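Chain U is fixed; fit chain B onto it per the hints.
There are 2 protein chains.
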Amino acid sequence: MGKGNLVVGQSGGPTVVINSSLSGVIQEAMAQSAVGEIYGMYRGIRGLLKEEFIDLRRQPAGVVEGLRHTPGAALGTVRYKLSEADYDRILDVLKKHNIRYLHYIGGNDSSDTSWQLARLAASSGYELHVVAVPKTVDNDLVHTDHCPGYPSAARFVAMATRDTGRDTEAMGPESPVKILEVMGRNTGWLTAAAALARQEEGDPPHLVYVPERPVSVEQLLQDVERCYREREYVVIAMSEGAQESAGKTLGEAFAPKEVDTFGHRMKGGVSDFVATLLSGKLGLKVRLDKPNYLQRSLMVCASAVDLEEAFRVGKEAVKQAVGGCAEGIVTLVRAPGPGYHCSLEVVSLAEVANKEKMLPVEFMNEAGNYPTAAFLDYARPLVGALAPPYVRLRRATA
Amino acid sequence: MGKGNLVVGQSGGPTVVINSSLSGVIQEAMAQSAVGEIYGMYRGIRGLLKEEFIDLRRQPAGVVEGLRHTPGAALGTVRYKLSEADYDRILDVLKKHNIRYLHYIGGNDSSDTSWQLARLAASSGYELHVVAVPKTVDNDLVHTDHCPGYPSAARFVAMATRDTGRDTEAMGPESPVKILEVMGRNTGWLTAAAALARQEEGDPPHLVYVPERPVSVEQLLQDVERCYREREYVVIAMSEGAQESAGKTLGEAFAPKEVDTFGHRMKGGVSDFVATLLSGKLGLKVRLDKPNYLQRSLMVCASAVDLEEAFRVGKEAVKQAVGGCAEGIVTLVRAPGPGYHCSLEVVSLAEVANKEKMLPVEFMNEAGNYPTAAFLDYARPLVGALAPPYVRLRRATA
Chain U
81 MGKGNLVVGQ SGGPTVVINS SLSGVIQEAM AQSAVGEIYG MYRGIRGLLK EEFIDLRRQP
141 AGVVEGLRHT PGAALGTVRY KLSEADYDRI LDVLKKHNIR YLHYIGGNDS SDTSWQLARL
201 AASSGYELHV VAVPKTVDND LVHTDHCPGY PSAARFVAMA TRDTGRDTEA MGPESPVKIL
261 EVMGRNTGWL TAAAALARQE EGDPPHLVYV PERPVSVEQL LQDVERCYRE REYVVIAMSE
321 GAQESAGKTL GEAFAPKEVD TFGHRMKGGV SDFVATLLSG KLGLKVRLDK PNYLQRSLMV
381 CASAVDLEEA FRVGKEAVKQ AVGGCAEGIV TLVRAPGPGY HCSLEVVSLA EVANKEKMLP
441 VEFMNEAGNY PTAAFLDYAR PLVGALAPPY VRLRRATA
Chain B
81 MGKGNLVVGQ SGGPTVVINS SLSGVIQEAM AQSAVGEIYG MYRGIRGLLK EEFIDLRRQP
141 AGVVEGLRHT PGAALGTVRY KLSEADYDRI LDVLKKHNIR YLHYIGGNDS SDTSWQLARL
201 AASSGYELHV VAVPKTVDND LVHTDHCPGY PSAARFVAMA TRDTGRDTEA MGPESPVKIL
261 EVMGRNTGWL TAAAALARQE EGDPPHLVYV PERPVSVEQL LQDVERCYRE REYVVIAMSE
321 GAQESAGKTL GEAFAPKEVD TFGHRMKGGV SDFVATLLSG KLGLKVRLDK PNYLQRSLMV
381 CASAVDLEEA FRVGKEAVKQ AVGGCAEGIV TLVRAPGPGY HCSLEVVSLA EVANKEKMLP
441 VEFMNEAGNY PTAAFLDYAR PLVGALAPPY VRLRRATA
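Protein chains in written order, with the numbering used here: chain U, 81 to 478; chain B, 81 to 478.
Isolated chain U, as found in the complex (with noise of 0.2 Å):
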């Protein structure tokens, strides 16, 4: 094949490694001869049927090297699924402008989209490379060690994790119980994650709840009564997720069902739910954490490991389209041995488009509320150490 051009585009929530994601696809099509110009989709699939491209081989100085430490989607993103409606217009866009690589940066949905591409132009017999690049902060990507964006934002939540512990330590039984809300949807990957903050035994995180384990409001008032009887204080994480039974929020039942002046059903977070519960049945004061878009977005708190692997899985997504890979996506797998290593590979996007993968059931302990010694080994060397340690006064009384 002659030389043709390539589109990349951002797709869901960003991250704080998406942008360099895309600096590592930018940079690698600019050293590749086969590759003509570069384009960005403005806002995802919209911007390609739109045709609002960005020229991303003509940018500013220093600007594709910035975007490695730059949160958000320099691209813009969005969220749009899809339809045989559209597949007309995508052929005449990809047609007009030459398009013969095609990178979609994203999750589950995103997948889904590149696997429809690649589909409609195998069938329309129009030569298409079409290598998808992993991005979500949940972690629920399945056939690849980890996804891209999940190590930083599991950094986020074990930082801060151990430090709003050390805040609830300090805070003692005036306001003993801390719930921090953790992002994630349906799988519990990133709230493991704070188990990440225990330096030692009795530290924070003292309960983790998963969607993948309901807990109910029986056990989850006997889990932090046990808790604060052992050290007066609680830190719990919380899946955003976190169900009593499947489908069934926790503590949802304990939530007021008066909808707001303009008729709308009030929807506090779990943690709201949860929070109004462990008051009123336990007399205790709850204190809730809810970091929201900074668990995905906070670059201070970016794993270097995540960075680094994001800008090779980028440009491994273009080296794969040149060399001639019809479709898939890049997928991270770990060596075996002590070291850390992930090397990459590519599988074909059907495996991996509308598949969600939970949390092993060996991740988590009998009782399920809280992570197992199996996930500490698998999210530490992804998360990297939370240095320097910290102190503890020794209490022995003067």
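These are calculated hints, taken from the structure and not from any lab test.
All figures in this text were calculated on a predicted structure; none of them were measured in a lab.
Misleading hints may appear alongside valid ones.
Pairs count within a copy or across copies, as identical chains cannot be separated in the list.
What the hints assert, rightly or not - Below are the BS3-like pairs computed for lysine-lysine, each with C-alpha atoms no more than 30 Å apart in a straight line:
#1 K365 x K328
#2 K328 x K83
#3 K130 x K176
#4 K175 x K437
#5 K175 x K361
#6 K361 x K161
#7 K437 x K83
#8 K365 x K130
#9 K361 x K399
#10 K328 x K176
#11 K361 x K176
#12 K130 x K83
#13 K435 x K365
#14 K435 x K83
#15 K365 x K161
#16 K435 x K399
#17 K435 x K328
#18 K399 x K365
Only chain B this time, still in chain U's reference frame:
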């Protein structure tokens, strides 16, 4: 006076640097031959009343130095209002342990406690040197350029605004409004620091609301609508104490009135109220970040200036007490001139206790919705640079 013992306590909300001040107190006390034992009050003034002391002279190696990078309040903290009923007991404990130097690290309420203790000792003819150490993320103590704790929390707010701003910009019209809810009680010092996130014209934050400048619901809606028209997304930094008129929380009228299953009135934060208002009246999707206690605990956001000053202020308090100062609080006095430097002085506790320093009029613009250049000049040296600068792609279409 012969050798006397020293006691130090921590009070109110923890910060990332309150332990740095504690480390300064301990290290200076160890260097002063006039100081005998060094006691820590376990959980503030209540520890003094209950004779619960921690032996700070005999800590394991590395602990006292390690306090300089450990968030929380290592002695434990308390909110306890001293009353005259406690006075006899206090005097007994001071005499019994030959305590001649007393250092309380805290904010407004703690200064009042220190002031009571100093008057109690003076009126009883008991020689006691009470030199308080300022601490509050709210920055609302009078007679000091700023309070240790504020620069680091301000740095968190600036970083959070910058990064969640990029996240919001990336999402665009799909969910165009972000509200970052910021601490600070009745003052807007901390919220104003969001403006340090702005690297170039048009960058977040776009609106900054502080308690000192109430904003009507009509004005708020106009502000947000105008910003949205200009760039399709709006990032708002909002004080937890933002008001629509004196004493009336902004947007509260739009919140649900119902009580929870325990009969408590659910009280959302101001950002919940405003989110309800904006989505109801403007039809824009609003997202919230409520980092709450992470603002005062996330060590990775600590300001280098703050960590160092907090340590110096702790040391100075001991020097002053040993040097003969009967009562006072250490203050930071900024030197005029281009470079940033603060020297340390002491003012009487009577001048500081129970007073509150509001954000001055000249630190907010006329519309009351954005800090002025004068504020930025004040805050920038405290918070430090947010490096490296972020990049943005040039939009020129391909």
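Outcome of the hint check:
1. K365 x K328: both (25 Å within a copy, 25 Å between copies)
2. K328 x K83: Neither way: K328 and K83 sit 54 Å apart in one copy and 65 Å across, limit 30 Å.
3. K130 x K176: within (13 Å within a copy, 81 Å between copies)
4. K175 x K437: Close neither inside one copy (36 Å) nor across copies (65 Å); limit 30 Å.
5. K175 x K361: neither (64 Å within a copy, 44 Å between copies)
6. K361 x K161: The answer is between: 28 Å across copies meets 30 Å, while 43 Å in one copy does not.
7. K437 x K83: neither (38 Å within a copy, 66 Å between copies)
8. K365 x K130: between (52 Å within a copy, 23 Å between copies)
9. K361 x K399: neither (58 Å within a copy, 49 Å between copies)
10. K328 x K176: neither (49 Å within a copy, 59 Å between copies)
11. K361 x K176: neither (65 Å within a copy, 43 Å between copies)
12. K130 x K83: For K130 and K83, only the intra-copy Cα distance (24 Å) is at most 30 Å; the inter-copy one is 81 Å.
13. K435 x K365: For K435 and K365, only the inter-copy Cα distance (28 Å) is at most 30 Å; the intra-copy one is 40 Å.
14. K435 x K83: neither (34 Å within a copy, 72 Å between copies)
15. K365 x K161: For K365 and K161, the Cα distance is within 30 Å only across copies (19 Å; inside one copy 43 Å).
16. K435 x K399: Classified as within; 25 Å inside a copy, 65 Å across copies.
17. K435 x K328: Within one copy only: 22 Å inside a chain, 49 Å across chains, cut-off 30 Å.
18. K399 x K365: neither (55 Å within a copy, 39 Å between copies)
In this structure, the hints that do not hold are numbers 2, 4, 5, 7, 9, 10, 11, 14 and 18, in rising order.
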